[in-house]
Amino acid sequence: MTFFIQVFIEGIALGAVYSLVALGFVIIFKATDVLSFAQPALAALGAGFICYFATEAGINFWLSLLIGIFLTGAVGLLIERTVLRQMVGEPVFSVAVITIGVDILIRTFLDDWIGDEPRFLGDSFTSYGNFGSFSIGEFNFKYLEMAGLFVAFIVILLLNLFFKKSRYGLAMLATSFDQETALAQGINVGRVFGLAWFIGGLLAAIAGFVFTGGFNTLTQLSFVLALRALPAVVIGGLDSIPGAIIGSLIIGVTQSLAGYYQYSIEEYFDINLGLGFSTVAPYIIMFFILLVKPEGLFGTKEVERV
Amino acid sequence: MLSVKNLEVVYQDVILVLKGISINLPRNKVVALLGANGAGKTTVLRAISGLLDIQNGKITKGEIIYDEKNITNSNPSEIVKMGVSQVLEGRRIFSEITVLENLKLGAHTNTQNFEKNVERVFDLFPLLKSREGNIAGYLSGGEQQMLAIGRSLMSEPDYLLLDEPSLGLAPKLVDQIAELVLEINNLGVSVLLVEQNANMALNISDHAYIMENGTIVMDKNSLELKEDEDVQEFYLGLNSNSTERKSFRDVKHYKRKKRWLS
Ligand SMILES: Nc1ncnc2c1ncn2[C@@H]1O[C@H](COP(=O)(O)OP(=O)(O)OP(=O)(O)O)[C@@H](O)[C@H]1O
Ligand SMILES: [Mg+2]
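Heads up: the sequence lines are chains A and B, in that order. Read in this note's numbering, the first sequence has 240 at position 240, and its numbers run on one by one without any break. Start counting at 1 in the second sequence, then tack on 1000, and there's your number in this note's numbering.
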């Protein structure tokens, strides 16, 4: 039971970090009607920036972290201004393909810089406690995972405040409900689009750091970790913020449980599930949820058409 | 004065909808813009407030002048800031959020006078005050129309463009809307009132234009227009029975649905 609880909490922590990527995706989709498949590349790029500033440029790690996160937000903004602004009014599918192009472009440059060797990010999560982990009673936790859970929690609270209380948060909500009416209120919808991408970039970079910090390291394949947030969005509903969070937690817990219990399941049913089972399991969950609710758990009907 | 001069508008580069329209909205006046469905009334309002772009429409000729300033093709945000605010056809309130949040959005370009303006709106619509924390989607049709009007007053416009505020409302509520338009006008706001309900519009306006097929066919003092025989027959329905007018409305709804689906 202790083991189960520990695995479960690890899954929640993993899911919380996925939710950052998923939220970026949903915020961009809600505000601009663009399915952004560039989020994984932005996550890896954020990690790349942090790594560059903290290790190659020799800037203090925490400062590098901040710079890296904001720079990734700026790249998001730049993508919106230069590439996607031209595509306003084009079919959702063609625009989505464009974002895949952007994703590949970013990763091409990034991979070139990363090289073949894994890179440490210059943080000190490797040196905290016993190989970056600590124990409470029988439970053993990684500092980085728990930091990710904590940061995701804070970020979600801040986002909630932003949407409820700030002028542009409200404007972004309005734009996602009804763009024409938002324009009629004098809301600068172009600015809202840019802001959505900026936030998407920030969130991706934060997740990118948690995926690659400590012993995880940054490699050419790091973006795949962020890619796993995609089924979370589909499960929760493309246009639902609570959906993105809950979908991510489902994915995180599924992946974590599947990883630890794969052997027991295989033994019990006398089957072989294969090596990547823990990463495939979320897709299996996604498949079953979509059978019952094609628009995702919290998505609105309208999105079905997409 | 807000003037539309010889305006031509085309949708999707080929559909010519306004064919040289000129309209004047002097300060502190109520001007009515009447016409059957599809005449192009909404298009005139969109051209003024910069909302053609999102509809894939373009001004191909003519200009829009706001107190001597040419605002043709300005973006909607600048136009609202300047003092022109449009209430879209069909209320279009943000139904998922509260009444107060709707009003906050109306004040997007004018946050510094928020308290004063919200007070003014609550004075005009006391009902909204008692519902300020309610989700807007649960308001009745009449209340939603008041919220829509209140929301556009939050930017403190000098010119208010109202697109069919009486649409789908019971006669008693239509009277109430008419009174409100006059009250708003008394606060120093000029109103351009687009209406299907010609009777109501002619009763409260100083001047009126009648549109057909993208052109202005009549341009007269509202009192004079009311006396005009053709107007009486075609727009005030004095010679036709009331069931016919009702079916006219249904046709309109059908048309609108179809248009948005395509
Ligand atoms: N976005 C659009 N794209 C193409 N054509 C349009 C568009 N909007 C309106 N039209 C066409 O332009 C003409 C004028 O429409 P408009 O909505 O301005 O008329 P209206 O007088 O407001 O009608 P109603 O009383 O039905 O609201 C109609 O023939 C309509 O079909
Ligand atoms: Mg209309």
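Honestly, the hints are just simulated from the structure, not real lab data. We put the beta carbon where it would ideally sit given N, CA and C, even for glycine. Don't take each hint at face value.
Claimed, not checked - If you want the footprint, here are the derived chain A segments under chain B, 3+ residues with CB under 8 Å:
#1 186-193
#2 237-249
As the list claims (entries may be wrong) - Each computed DSSO-like pair below joins lysine-lysine, with the alpha-carbon atoms no more than 27 Å apart:
#3 K1061/B <-> K1220/B
#4 K30/A <-> K164/A
#5 K1081/B <-> K1129/B
#6 K165/A <-> K1116/B
#7 K1005/B <-> K1081/B
#8 K165/A <-> K1129/B
#9 K1081/B <-> K30/A
#10 K1226/B <-> K1019/B
#11 K1226/B <-> K164/A
#12 K1058/B <-> K1129/B
#13 K1129/B <-> K1061/B
#14 K1220/B <-> K1081/B
#15 K1116/B <-> K164/A
#16 K1116/B <-> K1081/B
#17 K165/A <-> K1081/B
#18 K1029/B <-> K164/A
#19 K1081/B <-> K1061/B
#20 K293/A <-> K30/A
#21 K1005/B <-> K1061/B
#22 K1058/B <-> K1069/B
#23 K1061/B <-> K1116/B
For each hint, the structure was consulted:
| no. | hint | in the structure |
| --- | --- | --- |
| 1 | 186-193 | holds (count 3) |
| 2 | 237-249 | violated (count 0) |
| 3 | K1061/B <-> K1220/B | holds (24 Å) |
| 4 | K30/A <-> K164/A | holds (16 Å) |
| 5 | K1081/B <-> K1129/B | holds (25 Å) |
| 6 | K165/A <-> K1116/B | holds (19 Å) |
| 7 | K1005/B <-> K1081/B | holds (22 Å) |
| 8 | K165/A <-> K1129/B | holds (20 Å) |
| 9 | K1081/B <-> K30/A | holds (26 Å) |
| 10 | K1226/B <-> K1019/B | holds (25 Å) |
| 11 | K1226/B <-> K164/A | violated (49 Å) |
| 12 | K1058/B <-> K1129/B | violated (39 Å) |
| 13 | K1129/B <-> K1061/B | violated (44 Å) |
| 14 | K1220/B <-> K1081/B | violated (31 Å) |
| 15 | K1116/B <-> K164/A | holds (22 Å) |
| 16 | K1116/B <-> K1081/B | holds (17 Å) |
| 17 | K165/A <-> K1081/B | holds (22 Å) |
| 18 | K1029/B <-> K164/A | violated (38 Å) |
| 19 | K1081/B <-> K1061/B | holds (24 Å) |
| 20 | K293/A <-> K30/A | holds (19 Å) |
| 21 | K1005/B <-> K1061/B | holds (9 Å) |
| 22 | K1058/B <-> K1069/B | holds (20 Å) |
| 23 | K1061/B <-> K1116/B | violated (40 Å) |
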